[in-house]
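Put the complex together from the two separate chains, hints included.
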Amino acid sequence: MTITLDSKVPSGDIADMWDNHRFNIRLVNPSNKRKYKIIVVGTGLAGASAAATLAELGYEVEAFTYHDTTRRAHSIAAQGGINAAKNYPNDGDSIHRLFYDTVKGGDYRSREANVYRLAQVSNEIIDQATAQGVPFARDYGGLLDNRSFGGAQVSRTFYARGQTGQQLLLGAYQALARQVGLGNVKLHVRSEMLEVVMKDGHAAGIVTRDLTNGTISSHSAHAVVLATGGYSNVYYLSTNAMACNVTAAWRAHRKGALMANPCYTQIHPTCIPASDEFQSKLTLMSESLRNDGRIWVSKTADDARAANDIPEAERDYYLERIYPSFGNLAPRDVSSRAAMRMIEQEKGVGPLHNGVYLDFAESINRLGKDTIEARYGNLFEMYERITDENPYQVPMRIYPAPHYTMGGLWVDYNLMTNLPGLYAIGEANFSDHGANRLGASALMQGLADGYFVLPYTIGDYLADYLNTEPVPTSDPVFTEVEQAVADRTRKFLATKGTRSVDWFHRELGKIMLSNCGMARSASGLEKALSEIPALKDEFEKDVRVLGESDDMNQALENAGRVADFFELAEVMCRDALDRKESAGGHFRVEHQTDEGEAQRDDVNYSHVSAWEWKGPGQAAVKHKEPLEFKYVKLAQRSYK
Amino acid sequence: MDVKLRVWRQGGAFGAGSFKEYSAAGISPEASFLEMLDIVNEELTAAGEEPIVFDHDCREGICGTCGLMINGQPHGPQQGTATCQLHMRKFSDGETIVIEPWRAAAFPVIKDLVVDRSAFDRIVEVGGFISVATGAAPDANLIPVPRDAAEASMDAAACIGCGACVAACPNSAGQLFTAAKHGHLSLLPQGQPERLQRAQAMVDVMEKFFGSCTNHAECETACPKGISIDYIAQLNKDYVKSQVANRNLAGQK
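In order, the protein sequence lines correspond to chains A and B. Using our numbering, you'd call the opening residue of the first sequence number 1 and step up by one each time. Using our numbering, you'd call the opening residue of the second sequence number 1 and step up by one each time.
Please note: incorrect hints may appear among the correct ones.
In silico DSSO-like links for lysine-lysine, alpha-carbon gap of 30 angstroms or less [said to hold, decoys possible]:
hint : chain 1 : residue 1 : chain 2 : residue 2
1    : B       : Lys208    : A       : Lys186
2    : B       : Lys4      : B       : Lys20
3    : A       : Lys37     : A       : Lys186
4    : A       : Lys580    : A       : Lys630
5    : A       : Lys199    : A       : Lys624
6    : A       : Lys496    : A       : Lys527
7    : A       : Lys496    : B       : Lys4
8    : B       : Lys90     : A       : Lys369
9    : A       : Lys35     : A       : Lys199
10   : A       : Lys527    : A       : Lys622
11   : A       : Lys580    : A       : Lys624
12   : A       : Lys496    : B       : Lys20
Worth flagging that the hints you see were computed from the coordinates, not collected in a lab.
With the rest of the complex left out, here is chain B (with noise of 0.2 angstroms):
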């Protein structure tokens, strides 16, 4: 199958980026979509043009390093699916296919498609974790977990820290993957103890780099691994309870 690309390229955070097209001919529909942008590299090296910069990693759907904007969609027009898992033959013969980073301020452009996604990182560092230190673990099954506790909390554990969700949001909010971190610890009996410190570490640090949830889902949409904005309210529940109960415990009555 033959596609035109109206691929976006960039210097870096500061410089002016601009589409630019290309065609990629001969494709296999069995190609995955970065194997198509593979070959469009190859022809760009061989022509003497600088390669379009993509992160990718995997190629198996759970590093979360791939993550382009394909016709206006995080990860392209298949749900649940990550970029590196979509195929050429969900596209039509001819088509034109726009690519572009996630755009969003908390994730400048490094280069063309590539974007500095490090602002989740710093939510996780202020509290997206349960403080044990390596040996201070008793017996594994000491704590029996509700089978379905486990589950919900698996379901929200399965976050592959993409950005999908930021991309999608029209405000470009940290919600969902805030909430999923804070869903995966927070319905497990170890997670209790730190558990509306952590909601609320996590809330202030998200707030200093995203914009505000206000409730359109398009991340759960988005999201290549499918996590619900249940999560959302469970953390947005916690978050509240944060606000007495965090200074209660500091005896700010």
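In isolation and in its complexed conformation, chain A is listed as follows (with noise of 0.2 angstroms):
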């Protein structure tokens, strides 16, 4: 297969592109479509957005998700705020703005149309959940309130308290029960994709496992949207939720779809750090946090006291001394990076000297404890649920975590991958965070996708399909597919080897959080792949799944998507090692600048690095897409 990426972006000025775009691409007429089905494969704010707008428009639609309800996915766990470019608080925003903030904070590493159109839309989606309602927080006129995220220095952020994600999905979830009810969408619970179906370079359709049972089973249509998510948990320990995982992508890989960027995750700063070693998961606390709390360790290494023994001159605000202009509200990145060495000179906090201090008293003292818990009571709850001790009275304890992936599937600006009928929207595709997202901008980008872009691009695929059927799920090329899951499954429970899939998940963890995590190097990533394939290989051999494939069977679920992951953070080693520079979330220890900051090479690596599956065991095969800059001028990035 020769590939060229074509990323199908209009001419023009960048401000009248998407107009333009709308204008010339191809239309389904209102009485079609209901002739074309679609599949929409993920549930979150991306999949279920989009199921509920193809079906408002005509189309028939089938939704797939592995929890038990649409409302499940881990967007629901997003806390803090979505942006967008209203300009409420008459701080200088404007649609340039967040464009501009975003490809920056992006570190110059994103489609510039992609994210142009992004902003364009961000407003819509704001008057959209705000009709659905979507109670966001509102000042005592009753209008919308807004707040400042990191990365930006005008307020455009809106909130729901923080559970700005839990309600955005409600809003989208009504919106997708509302055509369910109404019988536009055929919706599967339960239901895990485990292999894209191709016919003749065309997606034709998905195969399943029905998680209550087992049955394996084929759906076909004219076009697959994947909106299954991120990749964080290749970590093992992370904030995303246990199910999250990357086998739709990955199976779409393997299938010819080009994974982009894969080594561009983002280490999240404020989450509540590790207790032991069993821990599950992490837990984020809202970066929103950072408006009001300020981050500081002991100016002494290894300094046995408690936080508040400390007197205020011996302690050091890292983030205001070297970053006056941003101060506590730095992009993700550099915050993360600022931790993380803060650690590395032994100046961690907590028993295991694995976190630093985010304090409230200075705010607590001039806003009022009141005010602070309007702000962040149920933070604050939840953060002394865990740790039992109050944020009130003591400062948190946070640290760096896996949080989420800008990488993904190569898309066009149409939103399609490579794979003619076979879109990614939402975190699942690559296209607008470049190398490091800024907080509050995956909502913004989930129903972006989901709610005004995909519904009008797909119409340009489907219109040469117009009076065709869907390939029927009798065709070989389903009931192939459809044997090769059944064998997949059936051998992870003949292996009947001695380790758990949990067991080999940390350890694979434990691998890609020492050499592909907040700092990398050529050497680590070298050891890590040759210590991926090793432990891989380990896997097939001794992995212990018990239990039947015809039950539900939670470790079987597991074992494929561990599985996956083994083949993903390969290609995410070897992307790391491929690109010779420090960009927003990867941080290359042999390109730094002089204070430590990461640094770019404009000349070698401003392209998108999308990887081609070669086949099991052999090495991924990079293609290049270009990325011009007309609208936003290169810089080194700069929060001082």
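See below:
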């Protein structure tokens, strides 16, 4: 297969591109839309909003989720907010500024045209969500309130307490439920996609496993949309939900879809540090806390004193010191690395010396406890439940944790992968955040893709297939894949080794976190590239999965996901090794400025690295999509 | 710390279930309740016994997937806390902990501690929404919402759909879940046009699945998000009104 990466970015001025593109692409007549069937996999923000909107337009939609209901997707855990260029606070925001901040925040590694469109539709998302009944925070006049977030000097973040993701997801879930109730969407719950089916180079459907009874079945459609989220769980410990996995995207990758910039992962600076080794996941504390919390460590290494016993003069408010203009609101990648350095200097706090303080004492003195409680009460409660410490009295302890993956399936301006008829939206694609995502931009992107981009762009592909039937599921392309899925499932059960799936997952996580985490080096990545295949080999020979395949079997579900993480981990390390520069979340220790900041190499690496699957045990092959910057001037990112 | 577990194991909705005893030794009080179950499952796997199946996902108390009856209390002894946020420090060394699935006819057991809560979705599908198609929304600041109304709506919208309210109720009633959805939408100006149809449609479907509310208020105590039964009163009021108003709207005075 020869691969040409055509981004399909429209010509003309960036401010007119999306308008022109919508005018130029083909439409499907309203009465013809019902003749098309579209499969949407995943029902988080991107998937639920897309499925609902496509159904409202008249398409026949089938939606799939491995959860028991579409309201559980991990979008629900997003706390802080959603960005939009409304400029309600009158502080100088605009579409262009949101665009500029996002490209800069992404360390100049995203596609300008996509980001501009994202900023353009951001305002419509707020309108749509409000009309759906999302109870955003309001001021006393009844109008919408905003707060500021990392990487921006304007207040453009809309929020619903610390539960913005939950409320936006419920908005999308309810829109989807309405379409399910009307019979416009057929919903499959507890149903996991295990393979994409291709016919003559086009996406023809998917094969799924019913998680309650193991039934493997085929579903065909004119187009398939993957809205299956990110892959932070490759690190085992992350802020992602336990079931988050890469399988849907990875199975598409194995069928020829390119995986773009897999090494761009985000380590979120404000998570609760691990308390011991059997920790199953890490809990995020919203970045919004950095609006009123001050981050510090003791100026002395190995300081054994309790936080409140360390006098003001002996504290190092290192973010305020190093980045005076952004201070505690420096972007995520910058803040995370700064915390990592404090720990390296043995200034870590807490029983395991694995955190830094996030202190609200000054804000509580200035604003009163009631104001802080109104802003962050639920987050403070959550913190206390987990750590048994009261953050109104002692500073929180926080530490960076894997949180979001900017990399993902390569998509063009229409959000279609390089496989015709296969789309990727939300965190599952790579397109908008470059090498680092700004806070409150994930919700924006997921909903932009689902509500306002994909529902238009998909028509351009479908127009060619008017009055054609989807490939029947009796076609050999489906029956062969079903057989392969069944064989793979059986193989996990037949291995009958000695170690649990979780054991292997934890080991893989350790390799990835130490070698492909916050700081990466050539030697570490090479080491990982030799350790991962060895561990994968051992997994294949020694994994123990008990129970049956025709029953609810969580270890079996997990085995398939972890097997795919092994292969993903390899291409992540390969991508990280190949990218001999530091950009955003990808920090190569060999490439840093004298002050320890990420040093890009725009001459050699101003491109998207899109990797092609070449088979098990084979090195993936890199394809390049050059990135051109016409509207944002490339500069060394500075938040000083 | 060491604890003994009595765990409900069941093969399916029609399988016979029973309690099985396990011991969990050397558990750190810092471990979460579900991490303790993870450790037990690792040991079961090592011993060749099939692990205990339980629902869980985000493990930060927001997705609503987890839900265990712990010592007869939905989500266990700590108020305002979902199972996944419960920590072992809330238990004492040597204690016996009884773990069961939600028990309600509307929530059939799928396996062990996993139940099918899709009846909740059937309620939402008939009215738990504001009918606004994508693209049809006016500017978000066009309709001011009094701050207190937005806050009261948010209090109800905090529902995570876990089902603890149903599990706690002696009648297995679905009122608190339904009322929370109704309260969330009906306290906002955007939710007014469909308010009474919403009340009637959701209650009618609710009653097909769940028992009747007789004001025990166990649901409010069990709710990990502390949702007030005041919302049930509002739902009841709207439901009564709907019996007249919806007929009037349909011209059947």
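Hints versus structure:
| no. | hint | in the structure |
| --- | --- | --- |
| 1 | B:Lys208 <-> A:Lys186 | 22 angstroms, holds |
| 2 | B:Lys4 <-> B:Lys20 | 11 angstroms, holds |
| 3 | A:Lys37 <-> A:Lys186 | 11 angstroms, holds |
| 4 | A:Lys580 <-> A:Lys630 | 24 angstroms, holds |
| 5 | A:Lys199 <-> A:Lys624 | 26 angstroms, holds |
| 6 | A:Lys496 <-> A:Lys527 | 29 angstroms, holds |
| 7 | A:Lys496 <-> B:Lys4 | 29 angstroms, holds |
| 8 | B:Lys90 <-> A:Lys369 | 27 angstroms, holds |
| 9 | A:Lys35 <-> A:Lys199 | 20 angstroms, holds |
| 10 | A:Lys527 <-> A:Lys622 | 21 angstroms, holds |
| 11 | A:Lys580 <-> A:Lys624 | 15 angstroms, holds |
| 12 | A:Lys496 <-> B:Lys20 | 24 angstroms, holds |
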